[in-house]
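Following the hints, put chain X in place on chain W, whose structure we already have.
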Amino acid sequence: MKRDWKRLAPPMVILAGVAVGVLAAFLVREGNPPNMGLCIACFERDIAGALGMHQAAVVQRLRPEIPALVLGVVLAAAFGKELKGRSAAAPAVSFVVGALVMVGALVFLGCPTRMTLRLAGGDLNALVGLVGFAGGIWAGTELLKRGYSLGRPAPGSLLPTFVLPTLAVGLLVLAFVEPSFIHTSAKGPGSMAARAGMAIGAGVLIGVVAQRSRLCFVGGIRDMILMRNPHLLVGLAAIIVAGGATKAALGQFRIGLADQPIAHTDHLWNLLAMVLVGLGSVLLGGCPFRQLVRAAQGDGGAFAAVCGMFAGAAVAHNAGLAASPTGVPVAGKTVVAAGIAICLALGWSLREPHKRREASDG
Amino acid sequence: MADGERIATFHTTYEGMRAARLLQDEAVAARLIPVPRWLSADCSIALTFPASDASRVQALLEKGGIEVRGYHQEPDGSSDAP
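So the protein lines, in turn, are chains W and X.
Everything in the first sequence is counted per my numbering, starting at 1 for the first residue and increasing by one.
Everything in the second sequence is counted per my numbering, starting at 1001 for the first residue and increasing by one.
Okay, chain W solo, but in the shape it has when bound (with noise of 0.2 Å):
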């Protein structure tokens, strides 16, 4: 077929993953913190922050980057009628799913989005954990494949679909008036920022890209395992490619191990935390970038996920587990490591139903 080039390397989805690593490098340049021109988990970490959420003073801001992102979504989903209320199959395991990946990304640093964007600036941290994200990923396909389910999702009313975005305006408006309940890190990532504008522009032209391209960083390894289809990974290796050439024409690039910014030598924790936002993520059907996304469509269900990602964020950072340049805190470590068994748990004990007849019957 003349066209298959087309469904393995659709143009969307590269252009997407350029314009994810091209604005992030600008980004940074801009002000954000190094090699965090976006991440999904730390920003919305930040966000928490700034809420008062939890108490990490230098983590705390309201990064405009996501209610823009959202915005960009629904205004391209709008477009394409594609804003569907969708009510969850099972929100309390998004839910805590979702928590569990943003606990493993806090001890990563970095969610897979920042994963890419570290690899693209050299931080072969990153390559690590990129191993365990796909070896992640790898579990979580054994147990699609095995029949687990988050169950069906039920077409509803679109009046839900009007609560993400109107949030998102809300917090744009807080992020501009700046009341005093707004916590702003003095020190630290959560005092660094590009200009609220660019922030603002980048955030809805990634939002725009991702809604049209599917861009997910979890569906492209999953989709290549699963049906040997790179239409997604072409995203990937997208932004590693145009990221790490902006990177270095901007003078942000450097390969290595040690001293790379906001990022611990830890390999061990660094692979398994990515293991569990590898599984945990297939289980909720995409990254954290991919629940935004569809959370933006009106999906409750990843709706139910971006509210989870936002309570492990603050339990995180309150009860000590997420890490810092200096290393992962034991606590960190047990709840990646608990983290990894309950996803499997839940992997496994949510399977279609005929399928547990059938493992019944032997």
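Keep in mind that a hint or two might mislead.
Unchecked claim - Now the stretches of chain W that chain X is said to cover, found in silico as 3 or more residues with beta-carbon under 8 Å: (1) 71-82; (2) 147-153; (3) 217-227; (4) 322-334.
Hints are computed from structural coordinates only; laboratory data are not their basis.
The model shown is predicted, which means the values in this text are computed figures rather than measured ones.
The beta carbon of each residue, even a glycine, is placed where N, CA and C say it ideally should be.
Leaving out everything else, chain X in the frame of chain W:
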């Protein structure tokens, strides 16, 4: 339009994988693909098979108790990329 390929979509990934296994056991040239972008903004899986096998596929999946969300035919001139 007897030639070309048809696409079946499912409610869950597992249903799609079961369908693929069932059809491949019956020697139908079916394979799993990501749901084409023109069909959905979701990233679930779909099954593609020769249009000439359409009625047989439908009968086999029905007999196998697999619920299909919908059958589709790629519209002329469309592509996966918008």
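Quick rundown of the hints versus the structure:
1. 71-82: holds (count 3)
2. 147-153: holds (count 5)
3. 217-227: Per the Cβ count (4), the hint holds.
4. 322-334: Three-residue rule not met by the stretch 322-334 of chain W, so violated; n is 0.
This entry does not satisfy hint 4, going by the numbered hints stated previously; all others are met.
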